[in-house]
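Protein chains: 2
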Amino acid sequence: MSSFKVKFLPHNKEIIVSDGRKLIRAAMEAGVHINASCGGEGLCGKCRVLLEEGELEGGISEKLSREDIENGYRLACQSKVRSDLVIRIPTESTIDARVLNLQSTPRKTARIRKIDFNQLKEEGLFIPPVEKIYLELTEPDAQDHLPDVTRLVSFLKLQHDEHRLVVDMKVIRRISDIFREGGFKVTATLMRPVQEGRKTHIVNIHSGDTSGCHYAIAIDVGTTTIYGQLIDLINGKTISQYGEFNGQISYGEDVISRIVYAEKPGGLEKLQKVVIGSINKVINRVVKRADIDKDCISTITMAGNTTMTQLMLNVNPKYIRRSPYVPTSSIYPPIRASDLGIDLGEQVAALVYPQVSSYVGGDIVSGVMGSGMYRTDKLTLFMDIGTNAEIVIGNREWMACAACSAGPAFEGGGIEFGMRATKGAIEDFSIDPVSYEPMNITIGNVRPRGICGSGLIIMVATLFEMGLINNLGKFDRDLDTQRIRERNGVHEYVLAWKDDTGIDRDVVITEIDIENLMRAKGAIYSGCQTLVEEVGMSMADIEQIYLAGGFGSYVDIEKAIVIGLLPEIEHEKITFIGNGSLMGAKMAALTNRIRKDVVEVTSKMTNFELSETVSYMDNYMAALFLPHTDMEQFPKLKARLEARVQSRR
Amino acid sequence: MSSFKVKFLPHNKEIIVSDGRKLIRAAMEAGVHINASCGGEGLCGKCRVLLEEGELEGGISEKLSREDIENGYRLACQSKVRSDLVIRIPTESTIDARVLNLQSTPRKTARIRKIDFNQLKEEGLFIPPVEKIYLELTEPDAQDHLPDVTRLVSFLKLQHDEHRLVVDMKVIRRISDIFREGGFKVTATLMRPVQEGRKTHIVNIHSGDTSGCHYAIAIDVGTTTIYGQLIDLINGKTISQYGEFNGQISYGEDVISRIVYAEKPGGLEKLQKVVIGSINKVINRVVKRADIDKDCISTITMAGNTTMTQLMLNVNPKYIRRSPYVPTSSIYPPIRASDLGIDLGEQVAALVYPQVSSYVGGDIVSGVMGSGMYRTDKLTLFMDIGTNAEIVIGNREWMACAACSAGPAFEGGGIEFGMRATKGAIEDFSIDPVSYEPMNITIGNVRPRGICGSGLIIMVATLFEMGLINNLGKFDRDLDTQRIRERNGVHEYVLAWKDDTGIDRDVVITEIDIENLMRAKGAIYSGCQTLVEEVGMSMADIEQIYLAGGFGSYVDIEKAIVIGLLPEIEHEKITFIGNGSLMGAKMAALTNRIRKDVVEVTSKMTNFELSETVSYMDNYMAALFLPHTDMEQFPKLKARLEARVQSRR
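Same order as they appear, the protein sequences are chains U and P.
First residue of the first sequence: 2, per our numbering; consecutive thereafter.
First residue of the second sequence: 2, per our numbering; consecutive thereafter.
Warning: the hint list may mix true and false statements.
Repeated chains share a single entry, so a pair holds when one copy, or any two copies, can fit it.
[What the hints assert, rightly or not] Computed list of lysine to any residue pairs in SDA-like fashion (alpha-carbon distance at most 25 Å, straight line):
#1 LYS8 - GLU30
#2 LYS639 - GLU544
#3 LYS171 - ILE336
#4 LYS319 - ASP142
#5 LYS499 - ARG174
#6 LYS265 - ASP477
#7 LYS200 - VAL167
#8 LYS171 - GLY445
#9 LYS274 - ARG199
#10 LYS637 - ILE485
#11 LYS274 - ASP340
#12 LYS637 - GLU466
#13 LYS238 - LYS597
#14 LYS295 - ASP340
#15 LYS64 - LYS186
Hints are computed from structural coordinates only; laboratory data are not their basis.
Construct the complete structure from the given sequences, taking the supplied hints into account.
Laid out in structure tokens, this is it:
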């Protein structure tokens, strides 16, 4: 069988592959990332590559325009290598991970909630699950030859009133040498039981006094990104943090395509290894940044959605996508991190946040815990918006939750020029009311390459308020501007002409894009409404909103109300909690109270399957307007729109 | 570097080794066992091999007679390979493992104690640490989509009143498929907590009803041998058993030489792997013999002395041999068997018996638990005699224990023709009172090759009672027999002339051998006496004796009293418990009560260091006679000896 050399530009990476190899596989093997939203099925058209030299078999698709094809563009997932090749990867087909670690600049309208360590301490809730104690033991002699472990346990009992102690094997294996290296002066790391009356484990031991070096890791395991923090357990500070794409992206962008991959032979093991690899990258980076001794990390907390959690724990998620959508477990026992392949010492037990259902997972539970929602008296709406929008409504007494399948519009999916919130994405937008010319603000201030989810909301809200589209999302065909045009029977608005973009094509927003956004926001709004109504209340009863998620941090509240994504509520009642999953993970590292409460809270979260709730479809249909068919739900917006119409007359 | 071919006879195994390789290493690598009592230090002279072809460097030692050397005998541990070789391994330099699994034929005088399962049941003590429960669950549907694990836990709560349940990761990883394979009819394996109020772990799950297949493994990890049993947890029966030499023998015969080896770089890891290898051989053999599904084994209990326990758990035993002789731990937490390399499923937690001190280990604690000594009211002397003799004295209220360094005489060490109780060992012996001609009975009824420990006791007792030796162990030089002769200035008795033996040499017992035995028995008797006196009692207060160990099963009680090894007590008060360590391991598989009680019992066992007890040396000196200087402690024997002297006059 013959082999060919494939060179990838601009990376300038080469690889030898055998005849007939899928081009996207070759790229993967060469370490070159190409977007594959659909997991390599040829459906999303995101893996466009430019054939500069050589010959490919296949790769031509209706996802490519005739012009693209003539210019040498192919879909990498549909192409087979048939000769030596030079392939250029367009920037829009790759991801730039650097942007993940840019400082986020939340909207001015945002109230931001962060963990208040001092308050935590004052409330007596700073109870880290691990503690380090420095001990000066007496040395054994002819009259006192207690076994080393017994010496340690007795001393802790007598001098520190510690009881029900279990010494872990790792400690037993090291204790004799450590005692003698340090002249019987040692620091023991104790892991506290979550439930009172259970055992305290001695999980680590160091020679000398290392009680000042005491750390935890918190990880948010997202479908797209993995975020991690290194937390100082002495002062509660986040010492370093880092974000990295979840390496599983190469096997499909959404949870369903990951589940499909996991069902293939060896697929689960592969995905487990890949996500742990990404987690390890994050851990090693935060450790390196902080320049600490890794052996002083004593605990790790991880939160992820149900599929991510099962994949990372090597639990096949296959029944999650099959009716009646049963996850394998709600609660997972603490597990030794190193048993999962996590690059931390044997002393580290991993806490994994529990799940409510197949589509309301540990990331949401973590957000509910981290935000403090589970301790508030106010009726709170918690929303985490992504491909799936998860909604929790309730307070300290009760909680109802649901997942809405919003579709990928907020993450750029189903939008012709949709993209993630990375460099070149239009994130802010306005229109000249006379000329209808646009002003695009992009992430990184470069030429526009596409539209990110938060930008899309602003765009549609602006087009609506400026009268370019009506409440059905259709363009006003009569306006005097070249920006609105018809292409292939679909009306669109040109955001940037080819010469002004970073991708050598016009960047546009089409009526189909707008329709997709309306479906997405409609699904979420009607989900909230259905949930509220199911518990016998109405949207007007909501006292506050917590917005979680990377998307949540960027969304413009006013515009989100204009399109009818959020209910009309005073802005100061909306709080952005950022990455709620990470926040909850950090909280669990700071206080054992969370670990204790979470089991009860999770069991209290009543899950609703919207698809099986009769009123949902009616609510959904009513929400497929801008902002809604029932304008009484948006009285202020209604007044504003009416005033505008008045002024135009 | 040149290489040479070494062929070993009679095994007919060949191996290529590099120039200068130690011959004993070459044999090890070829899988040919050669005894190395001293661990390859050239001290014991047990690794004699015959050089049939080729050239060796070194290997000549004072341990070999001039005749041996001329005939081509060399010490394998002192020889280096310098050419192609043919080496014959004499039978006395190897071990025949087959004899381990012969049915033991205890002395007629023996009262044997075995586990009485029915009694255990009647007393309500049949509480296995693991239980299997068959469950018929309801299937999930659109109205009931509990997670699989929650479904299992809820059902056990509601239908079986099981609480505080934790589901292990192994079960979580399998549960979803197992539920659906078996139509939601499954068998769960529950591991019960040792302490009430703690959690019950669900450690395994099978599709369908497998509750009838439910097994445990019990292992005695001896310095020399590993014994294992497969136990049916439904009816308490031992289904199969097997013994195997501890593979560590190749690295030294006694615990001290093992510790020395473990201190070398990589030594600990090597010895750990080797002993686990032997344990796995035993497990696989008992499983194969019983023809059961290994996944139905749910627990394993292991007992061994302190050094064996530490080696098997990968805990360096180096401080055991250094003053003040501190072991690393008394109690070890339950550990997943597979984490140690044991060839059992992830569901199996290994219980390891706790230790009292560096020289009173888990094998003794196991014997104390298994024999029921810890529940008796009678003042009991428990003895386990080997290289070290461990003694426990006490009852349900209190216990004192000590280890006596008896030396290796009872296992054939320090005895010129001493050998283990294997084929060809003289195990019974008598003398014609007129001709002084011997009658030797050997194990396997073959020509004598040497003397095993129990045979040696009979021999010395007989020589003493027949007047061939005096109470100092010296031969009567005036007797009319060629059997008593002087060689190299030492008097000896010829047990078998060269032509009648299996080893082509005269087999003899020398005054030095007798002196070594007297030192050994003196150490043990005076150890018992010292211990009894330390707690304010005397030897006469002892109400019963439990004799443990392979040696214990073969010892002739009457003869043991004659030489002064055992105190003079009615034979019916002496009970042989056989392998007490294995018995205790089995008991821990049958009843959780043992696991609960053992922690308290171990803490109750007061350890005495005889070397630091003032009276020990005096008691020892007084015991270096046959049977003792203080004949008042042996009144019946005294009367018998006096009667015999009378009759001769």
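So, going through the hints one by one against the coordinates:
1. LYS8 - GLU30: Result: close within a single copy only, 12 Å intra versus 49 Å inter.
2. LYS639 - GLU544: within (21 Å within a copy, 100 Å between copies)
3. LYS171 - ILE336: both (15 Å within a copy, 11 Å between copies)
4. LYS319 - ASP142: between (60 Å within a copy, 16 Å between copies)
5. LYS499 - ARG174: neither (66 Å within a copy, 52 Å between copies)
6. LYS265 - ASP477: neither (49 Å within a copy, 86 Å between copies)
7. LYS200 - VAL167: both (7 Å within a copy, 15 Å between copies)
8. LYS171 - GLY445: neither (48 Å within a copy, 47 Å between copies)
9. LYS274 - ARG199: neither (33 Å within a copy, 34 Å between copies)
10. LYS637 - ILE485: Classified as neither: same-chain Cα gap 29 Å, cross-chain 122 Å, threshold 25 Å.
11. LYS274 - ASP340: both (12 Å within a copy, 20 Å between copies)
12. LYS637 - GLU466: Answer is within: at 13 Å inside a copy they meet the 25 Å cutoff, but 117 Å across does not.
13. LYS238 - LYS597: within (22 Å within a copy, 43 Å between copies)
14. LYS295 - ASP340: both (17 Å within a copy, 23 Å between copies)
15. LYS64 - LYS186: neither (69 Å within a copy, 48 Å between copies)
Going down the numbered hints, you'll see the structure goes against 5, 6, 8, 9, 10 and 15, while the others check out.
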